[in-house]
Amino acid sequence: MSASLTQSAPADPAEGGGKVALATAGLLVGMLLSVLDQTVVAIALPDIAADLGGMDAIGWIVTSYVLASTATGALYGRVSDRFGRRPVFVTAVAVFVAGSALCGLAQTVPQLIAARTLQGAGAGALFVLPTITLSELYPQRLRSRVQGFTGGVFALASVGGPLAGGAVTDAWGWRWIFYVNLPLGLLAMALTAYALRLPRQGGRGGVDLAGAALLAGTMVSLLLVAEWGGRMYAWTSGVILALIGATVLLAALFVWWERRAANPLLPPRLFAGRALRVALPATALLGALLGGSIVYLPTYLQAAYGMGATQAGLALNPYVLTFMAVSSLAGARIGASGRFRPYLIAGAAVVVLGFALLSRITPGTPYAVLALELAVLGAGFGLLMQNLVVVAQNAAPPADLAATTSATVSVRGLGLSLGVAVFGVLLTRELQDRGPGPAATAAAIPDVLFWGVPAAAVLVVLTVLLPRRTPAEG
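Under the working numbering, the final residue of the sequence shown carries the number 474; numbering is consecutive throughout.
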């Protein structure tokens, strides 16, 4: 067995990986919670505003969570190198559970925003660490198959979040969308504490807190530019220009610091090869396309077909089920063949086709036709999502697996948030020339989705530029 496999996957599951099935279940439950809580709250915002007031700050209930989880995600890989995957994951879930409990108990909007920030700080680990740990629990030849399941979890939670949030809010009230996290979080903690056994990676250096702070500042500044620019503030306003300047300055300081840090958060040596230089921007672009489609397709279904939130969530089943099925099947086939590049190129091309088809829909399009087009887009994303992560992982030496995975997953989360914001800006611009109401929204969203076509075409180019084999694959 090669050195990379010896270090990245236990040779004997009973000895090194513990009860792998139970550990996997615990990790996936944590992952499910992190994604659900990005989307589950949106549908409950009117009820929260009616109960707590503070409508002018209500959007921060979503934004604070996204900012905190995105800003902390890249740090957790290195922290878990130093202190171990299991204790860091269990601690992060505990923080998430505590934040969830405080969210349910909040009596004012500022209290709820503070609790959501705490919840997001814990959630930053709940997708990153399972992605790392699953790659260590299973041998490299199974990475794509296992990560395919995590892509399915992402799709299910992203689209099912509003559906679950609406059902829970209608049945028990908005506080229970947070309280239901408690038993699930405790289950994830119990399973991983009992079953997860991995050798510590042996990181002896200190954690790069300065690099983490600079990276978090860069991400938060960039997200605020995308969130506020053209909507809350004019693009030429002092606030936006200051945020753009802060983004550029903090990014430059981060690069400068990482070249000098003794134990950098993102070692510059990782970019010596082409794989990561291409995989990271491709992953960010994929995240943006995912974000725009996941958020605005349900809005279209409600506006064009008069569906309620629950109906719209169910109507996205062709997208979700195809995403999950293709992600799992492609992962299995790629794991057997080891040939990533053809699948990634095909996936990006299918995403181009999916956005092109969806940009031509009208309120008169039969749902059966729309369902087929949704399935096309889901298939493209299923081919791409976790396989890009595996390409990055396979390009990294075992000692840098956590840093590489954290960077890739965090960049995708950043791209997803930016995609939601950019598509929102485009929708606002389209609606300026149309009258208000569902008909205007239904007419505008296909025009917004059209912008996914050139973005996905860039994704095709990036996948073509990926090397045929990564260094770790030989």
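Everything labelled a hint here was simulated from the structure, so no lab data went into it. It is possible that part of the hints are untrue.
Derived Cβ-Cβ restraints for the label pairs, each shown as a range [unchecked claim]:
hint: 1; residue 1: Ala50; residue 2: Ala272; range: 54 to 62 Å
hint: 2; residue 1: Ala50; residue 2: Arg333; range: 45 to 53 Å
hint: 3; residue 1: Val239; residue 2: Val369; range: 28 to 36 Å
hint: 4; residue 1: Arg333; residue 2: Leu182; range: 33 to 41 Å
hint: 5; residue 1: Arg333; residue 2: Asn263; range: 32 to 40 Å
hint: 6; residue 1: Val207; residue 2: Leu314; range: 16 to 24 Å
hint: 7; residue 1: Arg269; residue 2: Val369; range: 31 to 39 Å
hint: 8; residue 1: Asp47; residue 2: Arg277; range: 30 to 38 Å
All C-beta atoms, glycine included, are put in the ideal place defined by N, C-alpha and C.
Verification of the supplied hints:
1. Here the CB-CB span from Ala50 to Ala272 is close to 55 Å, well matched to the stated 54 to 62 Å.
2. Under the hint 45 to 53 Å, the C-beta atoms of Ala50 and Arg333, about 50 Å apart, fit the expected range.
3. In this structure the hint that Val239 and Val369 lie 28 to 36 Å apart at CB is violated, the actual value being about 44 Å.
4. Distance hint check for Arg333 and Leu182: the Cβ-Cβ separation is about 39 Å, which falls inside the suggested range of 33 to 41 Å.
5. Judged by the Cβ atoms, the range 32 to 40 Å given for Arg333 and Asn263 holds: they are separated by roughly 38 Å.
6. Distance hint check: the CB atoms of Val207 and Leu314 are about 44 Å apart, inconsistent with the given range 16 to 24 Å.
7. As the Cβ distance of Arg269 to Val369 is approximately 50 Å, the hint placing it in 31 to 39 Å is violated.
8. Taking 30 to 38 Å as the suggested C-beta distance range, the pair Asp47 and Arg277 does not conform, at roughly 46 Å.
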